[in-house]
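Chemist: If you want the building blocks of each chain, they are given just below.
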Amino acid sequence: MEIRFSAEDEAFRDEVVEFIESELPWDWRTQELDSEEPEDLKLVQQFKEKLAGKGWLTRAWPKEYGGQEASHMQQLIFNEETAYRGVPVDDGGVSMVGPTIMMSGTEEQKQFFLPRISRAEISWVQGYSEPDAGSDLASVQTRAVEDGDDFVVTGSKIWNGAHSGANWMFMLVRTDPDVRKHRGISFIVTEMGLPGITVERIPLMWGASRSLVTFEGVRVPKSGLIGEKNMGWYVGATLLDLERSGVGNSARATRLLEDLVDFCRENKRHGRPISEDPVTRSRLARMAVDIQTSKLISYNVAWMQSQEQIPNKEASISKLFGSEMLKRLYGLGIQVLGMYGQLDPESKWAPLRGRFERGYMSVAGNTVAAGTSEIQRNIIATRGLGLPRG
Amino acid sequence: MEIRFSAEDEAFRDEVVEFIESELPWDWRTQELDSEEPEDLKLVQQFKEKLAGKGWLTRAWPKEYGGQEASHMQQLIFNEETAYRGVPVDDGGVSMVGPTIMMSGTEEQKQFFLPRISRAEISWVQGYSEPDAGSDLASVQTRAVEDGDDFVVTGSKIWNGAHSGANWMFMLVRTDPDVRKHRGISFIVTEMGLPGITVERIPLMWGASRSLVTFEGVRVPKSGLIGEKNMGWYVGATLLDLERSGVGNSARATRLLEDLVDFCRENKRHGRPISEDPVTRSRLARMAVDIQTSKLISYNVAWMQSQEQIPNKEASISKLFGSEMLKRLYGLGIQVLGMYGQLDPESKWAPLRGRFERGYMSVAGNTVAAGTSEIQRNIIATRGLGLPRG
Amino acid sequence: MDLGLNEAQQMLKTSAREFLEAECPDTLVRDMEEDERGFTPELWQKLAEQGWLGLIIPEKYGGVGLSFFDLAVLLEEAGAAMLPGPFFATVVLGGMTIMEAGSEEQKQQFLPGIAEGKSIVTLALLEPTASWRPEGVEATAAARDDGYVLNGTKLFVPYAHVSDHIIVAARTGDGARDVTLFLVPRDADGMDHTLLKTIASDRQSELLLDNVSVPSSAVVGEINGGWDTIERVLRWGAIGKCAEMVGGGGKVLDMTVEYAKQRVQFGRPIGTFQAVQHHCANMASDVEGSRYITYQAAWRLSEGEPAVQEVAAAKAWVSDAYQRVCATGHQVHGAIGFTKEHNMQLYSRRAKEAELAFGDTDFHLEAVAQGIGL
Amino acid sequence: MDLGLNEAQQMLKTSAREFLEAECPDTLVRDMEEDERGFTPELWQKLAEQGWLGLIIPEKYGGVGLSFFDLAVLLEEAGAAMLPGPFFATVVLGGMTIMEAGSEEQKQQFLPGIAEGKSIVTLALLEPTASWRPEGVEATAAARDDGYVLNGTKLFVPYAHVSDHIIVAARTGDGARDVTLFLVPRDADGMDHTLLKTIASDRQSELLLDNVSVPSSAVVGEINGGWDTIERVLRWGAIGKCAEMVGGGGKVLDMTVEYAKQRVQFGRPIGTFQAVQHHCANMASDVEGSRYITYQAAWRLSEGEPAVQEVAAAKAWVSDAYQRVCATGHQVHGAIGFTKEHNMQLYSRRAKEAELAFGDTDFHLEAVAQGIGL
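If you read the sequences in order, they're chains G, B, R and Y.
Each residue of the first sequence is one higher than the one before, counting from 1 in this note's numbering.
Each residue of the second sequence is one higher than the one before, counting from 1 in this note's numbering.
Each residue of the third sequence is one higher than the one before, counting from 1 in this note's numbering.
Each residue of the fourth sequence is one higher than the one before, counting from 1 in this note's numbering.
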C-alpha cells in the first residue's frame with residue numbers, strides 16, 4: 001500500500017501542469033462549453049498537436065507505435081490534469097481506436113493509423129449508437145455487405161460528433177444478419193469524406209450538437225476492417241472496458257468545486273458571505289468527500305490496469321459513481337448560485353461564465369452516454385457480483 | 001375542492017381526541033414499542049373494548065353489522081388520531097377480516113363474526129406469509145384438504161403476532177395444488193386453539209417478536225371458508241387493497257416530529273439550542289413537508305373511497321411514500337439525537353424514552369411488510385401506469 | 001373534505017386543455033423560444049377572448065370574477081402546455097398586485113385593460129441581491145416635488161420587455177420593510193431594460209432606474225406598506241408556479257411512460273424493465289404528492305384561510321419533486337430527450353426556472369422551520 | 001502508487017480471517033450480546049497469543065511493532081467478524097494514547113500488560129455534552145496536595161466495566177483546550193460506573209467521578225496538553241472504525257448477494273430481478289468507495305503524513321455509506337433479516353454505533369468544509 005505517486009510521476013505531473021498553464025489560455029474551457037465555434041475547434045486541434053509534439057497524447061503506448069511506454073499511472077496523471085483544466089485531448093483515437101488496432105489490427109493498419117493518432121493528424125467520431133441501438137448496442141442494424149475490395153455500408157449512426165469535422169469514424173456494422181445479435185457484427189473504420197455519407201446536425205438543449213450520420217451504399221474499403229469479420233462485438237468489447245476508468249469526472253469536479261467555493265467566499269447572501277451559510281457548507285463539504293471518493297475509485301481502476309489486472313466491476317463502479325457524482329455537483333452548484341443559476345453564459349450577469357447552467361444540462365447526458373447508470377448497475381450485479389441474469 | 005373537514009367531522013375528531021386523552025395514559029405508546037408485556041397486552045385489550053363501547057372501532061360499518069355507517073372521512077379521522085397517539089386499535093379484524101366477510105361471507109358468518117369484531121371480543125392474526133411466500137404471496141404452500149366437514153390444514157405461517165395470544169387467524173391456504181398459482185387458493189379463518197397448531201416465537205432485532213405458526217393436520221371446520229373455495233386469492237386481494245390507505249404513517253410521523261422539535265428546543269449542542277442549528281432546521285423542515293405531503297396523499301385515498309372510487313395506484317403510492325417517509329424520519333431523528341440516539345429505552349440517559357432507537361430499527365420493516373416498496377413500485381408501474389409486465 | 005374539482009372547475013380544465021392543444025402546440029412553444037417577444041399577439045387576444053386574462057379580475061373591472069383556485073386549475077393546464085408569454089406575469093404579478101393594493105382609480109385604469117389583453121403589467125421586485133426578503137430591496141424612491149424619483153437596478157423582471165407598465169418595489173425608509181410599490185410606464189424617462197438569457201428561454205430583464213420620476217398617483221397602496229402586498233403576491237406566485245409544475249410533471253410522466261412503452265431495446269419495450277418501471281413509479285409518486293400539496297395551498301389561499309405554512313410547504317416540496325421528475329424523465333428517455341426537437345428538455349429547462357421563482361426550496365424550508373416551532 | 005496490500009499485510013489479513021472464522025463464529029457474537037462482560041477471557045488470551053493486542057505496540061514494550069495500517073487491516077477483519085469485546089478500546093484508545101503521550105514509566109507499566117492481554121485500558125472522553133470538541137469536556141481535575149482531584153460525569157465510555165485502568169480527560173484550565181489526561185484505576189475511590197444499553201449491544205458506560213484522587217504520576221502527557229493527544233487518538237479511532245465498517249460492509253454485501261441468489265420468489269431467484277440487482281450494485285459501489293477512502297486515510301496516518309482532511313472525509317463518507325449498505329441489505333433480505341437469529345441485524349445495529357463513534361458525518365463535514373476553504 002502506498003497512496004502517493006512516485007517522485008518520477010510527480011515530476012511528470014509538474015511538467016504537464018506547467019506546460020498546460022503556459023500554453024493554454026486559462027479561461028478557455030472548451031470541454032465545459034462543448035463548443036462548435038470554428039475558432040475553438042481550431043484551437044483544440046492546435047493544442048492537441050502541441051501535446052502530441054510532447055509525445056503525451058499516446059505516452060502510454062509502446063515505443064514502436066509512437067508511444068513512450070509510460071505507466072498507466074502517468075496516463076492517469078495526464079488525464080487528470082487535462083480534465084481538471086478542461087483541455088480536450090481525446091476523441092477516442094488514443095483511448096479507443098488505437099488500443100483496438102494494437103490488439104486486433106494488421107501490421108499495415110498499425111503502421112498507418114497508430115503514428116497518425118499519436119501525432120494528432122487524424123480525428124475520430126464514434127459509430128456505435130444507432131437510432132434503434134442505444135443501451136442495446138448489440139442490436140446495431142447498419143449493414144455492411146462485402147463487394148469486391150469494399151464493404152457497402154447502409155444505415156445510420158447517431159449521437160456522434162461528426163458535425164465538428166472529424167475525418168474518421170470507428171463503427172460497429174452488421175456483416176452477418178443471420179446469426180444471433182452479438183455475432184455477425186464487425187468493427188470497421190472509415191473515412192468520413194466518402195460518397196454516400198451525409199451528416200445531419202442534431203441541436204441539443206445545452207447549445208451543443210450531436211450528429212446523425214447516414215450511410216447510403218457507402219463503399220468502405222475492406223482495409224478498414226479491424227480484427228476478424230463478424231467478431232467486431234468482441235473487438236469492440238475490449239474497447240468499451242478501456243473507456244471506463246473515468247478519472248476525468250473527479251478531476252472536472254475538483255475544479256468546479258474550487259470555483260464554487262471561491263464564488264461562495266466572494267459573494268454574499270442576506271448580508272454575509274455564502275461560504276458562512278452552514279447548510280451550504282455542509283453540502284459543499286459532502287460534495288468534496290464524494291469527489292475524493294470518486295477519485296480514489298478511479299485511481300484503483302488505473303492501478304489495477306497497471307498491475308495487468310482487468311478492472312471490470314471496478315470500472316463500472318467508477319463510471320456509475322463518477323457520472324452520478326458529477327450530476328449531483330452540477331445540481332448543487334446551480335442551486336448554490338440561486339436565481340443567477342438560471343442565467344445562460346450570454347447573460348452579462350451569469351456567474352462563473354454560465355458554466356454551471358450549461359453543465360447542469362449537459363451533465364445529465366453523462367449518466368446516459370457510454371452505458372447508462374442502469375446498464376452499469378446491471379454489469380456490476382451480473383458480471384461483478386455474479387447475480388443470475390433475469 | 002374543499003380541503004377541510006366538515007364541522008360534523010371536526011366535532012367527531014374532538015370527541016375522539018378528548019376520549020383518548022382522558023382515558024389513555026399519555027405516556028403509553030404501545031404501538032411504538034411493540035410491547036409483548038402481558039400488562040401492556042391487557043391494557044391494549046381493555047382500551048380496545050372501551051373504543052368498541054363507543055362504537056368507534058367499526059364506526060364506518062353498516063348498522064346491521066355493528067357499525068354506525070360513518071363516512072370514510074370519519075374513519076380516517078379516527079385512524080389518524082389513534083395513530084398520532086400510539087393507540088393500538090386494529091389487529092386486522094376491523095380493516096381486513098370484517099370487510100372481507102361482509103363482501104364474501106355467508107349470512108351465518110356475518111352474524112357470528114361481525115358483531116364480535118365490532119365489540120373487540122375476538123382478536124386476529126394474519127396468516128398470509130409463509131417462509132417461502134413473502135413478496136410472492138400467491139405461492140402459498142399451506143395445504144387444506146377437504147375431509148368431511150373439515151379442512152385438514154398442513155403447513156406454516158410466519159411473521160404474524162400469534163405469540164401475543166390472538167384467538168383467530170385469517171389465512172390463505174392451497175386447496176387445489178394442480179392449477180396455476182393464483183388459482184386453487186382459499187381464504188379461511190380458524191381458531192388458534194385447535195389441536196395440531198404450534199406457535200414458535202421469533203425474536204426480532206428491536207426487542208419485539210413475530211411468530212411461526214405450524215399446522216400439522218389441523219382440522220379446521222369448513223364453516224371457516226370465506227367466499228368460494230379456490231377463489232381465495234380474489235377474496236383476499238380486495239382485502240389487500242383495503243389495507244393500504246395508510247394515514248397512520250403521517251399521523252405517527254407528526255407526533256414524532258413534534259417530539260423531535262421539542263427535543264431540539266430543550267437541548268443544547270455546542271452551547272446553543274439544537275433548534276438553532278441551520279442544518280438541523282433545514283432537515284426537520286424538509287421532514288415536516290414530507291409528512292404533510294404523505295398526509296394529503298392518504299387523505300386523497302380515503303376521499304376516493306368515500307366517493308366509491310377504487311384507489312389502486314393511489315393506495316400503493318400512499319404505502320410507498322408513507323413508509324419510506326417514516327423510515328427517513330426515524331433515520332433523521334436518531335441522527336439528530338447524536339450519541340444519545342444509540343441508547344436503548346432501558347438506558348437512563350435515553351432521550352424520548354428511546355423511542356427513536358427502537359423505531360429506527362422497527363421502521364425498516366415497514367418498507368418490507370404488507371408489500372415491499374419494490375412490490376408497490378411494480379404495482380404503480382404496471383397496474384397504475386399501464387407499463388407492460390416483464 | 002372534497003379533493004375533486006367541482007363541475008365548473010372540471011369544465012374550465014377541459015376547455016383549457018382543448019384550447020391549448022389547438023392554440024398552443026409544442027411547435028409554437030418551440031418557435032417562441034427563439035422569438036424576440038416570446039409570444040404572439042394573436043394568441044394573446046385569444047386568451048383575452050377566453051376570459052383567461054381577466055379570470056380572477058372582478059366583473060366590475062371587466063373580468064370573469066373567478067377564484068384563485070380556478071386560476072390554479074388554469075395554470076396547471078398552462079404548465080402542461082408550457083404556454084409561452086407574459087400570462088403569469090400580467091395576471092398574477094401585475095393584475096393581482098393591483099387588485100390587492102391598487103386604488104380604485106388604478107383598478108379602473110388597469111384591470112379592464114389587462115382583462116381585454118390591451119395592457120401588460122409586470123412586477124419588478126428582485127435586484128442583484130437576488131433576495132426574496134424585504135432587505136433585498138435596495139432601489140430607492142425619494143420624495144421630490146409632487147412625486148418620487150426612483151433609482152436602482154432591478155433584475156429577473158419577467159416580461160418587462162413587453163409590458164406597458166411595471167410595478168416597481170423601491171425603498172422609501174430605513175426600516176427593513178419600508179418598501180413601496182410604484183406603477184411606472186415602461187417608456188418612462190430614465191428606465192432602461194436589457195433582456196437576460198435564461199435556461200428556460202423565458203423572458204426576464206435587467207431594469208435600470210436612473211432618476212425615474214413618477215407622480216404620487218403612481219404609488220400602489222400605502223407608502224412603506226408595499227411589503228405586505230408583496231408577501232401576498234409572492235404566495236400567489238409561488239402557488240401559481242406550483243400549479244404549473246403539477247401540470248408539467250403530469251405531462252412529463254405521461255410522456256415518459258409512453259416512451260417506455262414504445263421504445264424497444266434488448267427485444268422488448270424498455271418499460272418492461274424493472275429499473276424503468278420503478279423510475280416511472282417514483283415519478284408518479286412525486287406527481288401525486290405535488291398535486292395535493294399544491295391543491296391544499298391553492299385552496300386555502302383562495303378561501304382566504306391562513307396559508308403561510310401550506311404555501312411554503314408546497315413550494316419547497318413541488319420544486320424538488322419536479323426536478324426529480326424531470327431528471328428521471330431524462331434518464332428514461334436517454335439521448336433523444338436532450339435534443340432540441342424533443343419536448344422532454346422543454347420541460348426540464350422550465351423546471352429550473354419554476355424551482356427558483358418566488359423562492360427556492362431552502363427559502364421556503366426556513367419558513368416551514370419557523371412554522372413548526374424551530 | 002500501490003493500492004494493494006503487500007505480502008505481509010495479505011498474510012496478516014488471511015490469518016486474521018482464518019483465526020476469526022475459527023474462534024469468533026457468529027454464535028459467539030450472538031452469545032456475547034447477552035453476556036455481562038461482553039467477551040470471553042479465553043478469546044482474549046488467544047488474541048494476545050496471536051499478537052493482536054500488541055500489534056502496534058513497539059517491540060521494546062512487548063509488542064509486535066507493526067504499523068497503524070497493519071492494524072487497520074486487522075480491524076477490517078475484526079469488523080467483518082464483529083469481534084466482540086474491548087479490543088478496539090484497549091488497543092486504539094488505551095494503548096495508542098499511552099504510546100502517544102505516556103511517560104516512559106507509563107509505557108513500561110501498561111504496554112506490556114496490554115500486549116499480553118493482562119491489562120485492559122480504555123479512554124473516558126465524552127460527557128453528557130456528547131461533544132467531540134474540547135469545549136465538551138466539563139469534568140474537572142483540581143490540583144491538590146501532590147496530585148489531582150477529579151469530578152464530573154463521563155458518558156459513552158467503551159468497555160469501562162472490564163478495564164483495569166481508564167484514561168480520563170478532565171479540564172485543568174479555562175482555555176478551550178485546557179484538557180489533561182489522567183490514568184485512573186477503575187477501582188479508585190469515588191469512581192462509579194453504570195452500563196448503558198445500546199443499539200449495538202456493545203458495552204458503554206456512564207462513569208461518575210466523585211472526588212477521585214490521583215497522584216501527579218497519573219497525568220498522561222502535559223498538563224493542559226491532553227487535547228493534542230486526543231485529536232490524534234480520535235483520528236486513529238475514526239479510521240479504525242472506518243476499517244471495521246469496510247469489513248462489515250463487505251460482509252453485508254456478500255451476505256445479501258448470496259441471499260439474492262438463493263431466495264426464490266415468483267419462480268426465480270430474487271437476484272434475477274433488476275430492482276434487487278441494482279440494490280446490490282449500489283451496495284458494491286458503496287463498499288468500493290468506503291474501502292479506498294479508508295485506505296487513503298489509514299495509510300497517511302500510518303506514514304505520519306498530514307491526514308486531517310483525509311480522516312474527516314473518510315469518516316464522513318464511510319459512516320453514511322455503511323448505513324446505506326445496511327439499509328439496502330435489510331430491504332433485500334426482507335423479514336428474515338430482522339430476526340435475532342439472522343446476522344444481517346447484527347451488522348446493521350453495529351453500523352449505528354460505528355457511525356456515531358469519533359464524530360458523525362456532520363462533525364467531520366465541518367472539518368472538510370474548513371479544509372476546502374469554506
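Source of the hints: derived by calculation from the structure; they are not laboratory data.
Misleading hints may appear alongside valid ones.
[As the list claims (entries may be wrong)] PhoX-like, lysine-lysine: derived pairs with alpha carbons at most 20 Å apart:
{"#": "1", "chain 1": "B", "residue 1": "Lys313", "chain 2": "R", "residue 2": "Lys261"}
{"#": "2", "chain 1": "B", "residue 1": "Lys268", "chain 2": "B", "residue 2": "Lys110"}
{"#": "3", "chain 1": "Y", "residue 1": "Lys60", "chain 2": "Y", "residue 2": "Lys107"}
{"#": "4", "chain 1": "R", "residue 1": "Lys13", "chain 2": "G", "residue 2": "Lys348"}
{"#": "5", "chain 1": "G", "residue 1": "Lys313", "chain 2": "Y", "residue 2": "Lys197"}
{"#": "6", "chain 1": "B", "residue 1": "Lys313", "chain 2": "B", "residue 2": "Lys229"}
{"#": "7", "chain 1": "G", "residue 1": "Lys268", "chain 2": "G", "residue 2": "Lys348"}
{"#": "8", "chain 1": "G", "residue 1": "Lys110", "chain 2": "G", "residue 2": "Lys63"}
{"#": "9", "chain 1": "B", "residue 1": "Lys348", "chain 2": "Y", "residue 2": "Lys60"}
{"#": "10", "chain 1": "B", "residue 1": "Lys313", "chain 2": "B", "residue 2": "Lys348"}
{"#": "11", "chain 1": "R", "residue 1": "Lys60", "chain 2": "R", "residue 2": "Lys13"}
{"#": "12", "chain 1": "R", "residue 1": "Lys107", "chain 2": "R", "residue 2": "Lys118"}
Just so we're clear, the structure is a prediction, and the values are computed from it rather than from any experiment.
Chemist: Hinted pair, alpha-carbon criterion (20 Å max): lysine 268 of chain B, lysine 110 of chain B. Please report holds or violated.
Modeler: 57 Å, violated
Chemist: Would you check the hint for lysine 60 of chain R and lysine 13 of chain R, treating anything up to 20 Å between C-alpha atoms as holding?
Modeler: 24 Å, violated
Chemist: Does lysine 60 of chain Y sit within 20 Å of lysine 348 of chain B, going by the straight-line distance between their CA atoms?
Modeler: 44 Å, violated
Chemist: Hinted pair, alpha-carbon criterion (20 Å max): lysine 313 of chain B, lysine 229 of chain B. Please report holds or violated.
Modeler: Violated - the C-alpha atoms of lysine 229 of chain B and lysine 313 of chain B are around 29 Å apart, more than 20 Å.
Chemist: Can the restraint linking lysine 60 of chain Y and lysine 107 of chain Y be considered satisfied, given a maximum Cα separation of 20 Å?
Modeler: Holds - the C-alpha atoms of lysine 107 of chain Y and lysine 60 of chain Y are around 10 Å apart, at most 20 Å.
Chemist: Run the distance test for lysine 313 of chain B versus lysine 261 of chain R: straight-line Cα separation, threshold 20 Å.
Modeler: At roughly 18 Å apart (the allowed maximum being 20 Å), lysine 261 of chain R and lysine 313 of chain B satisfy the hint.
Chemist: Hint check: lysine 107 of chain R vs lysine 118 of chain R, CA-CA at most 20 Å. Holds or violated?
Modeler: Distance of about 14 Å is within 20 Å: holds.
Chemist: Check the hint pairing lysine 110 of chain G with lysine 63 of chain G against an upper bound of 20 Å on the C-alpha distance.
Modeler: Holds, because 13 Å separates the two Cα atoms, which is no more than 20 Å.
Chemist: Straight-line Cα separation of lysine 313 of chain G and lysine 197 of chain Y no greater than 20 Å?
Modeler: Violated, at about 40 Å.
Chemist: Holds or violated: lysine 268 of chain G and lysine 348 of chain G, Cα atoms, limit 20 Å.
Modeler: 19 Å, holds
Chemist: Within a Cα-Cα threshold of 20 Å, do lysine 313 of chain B and lysine 348 of chain B meet the stated pairing?
Modeler: At roughly 45 Å apart (the allowed maximum being 20 Å), lysine 348 of chain B and lysine 313 of chain B break the hint.
Chemist: Run the distance test for lysine 13 of chain R versus lysine 348 of chain G: straight-line Cα separation, threshold 20 Å.
Modeler: At roughly 40 Å apart (the allowed maximum being 20 Å), lysine 348 of chain G and lysine 13 of chain R break the hint.
When the structure is compared with the earlier hints, violations turn up for hints 2, 4, 5, 6, 9, 10 and 11 and for no others.
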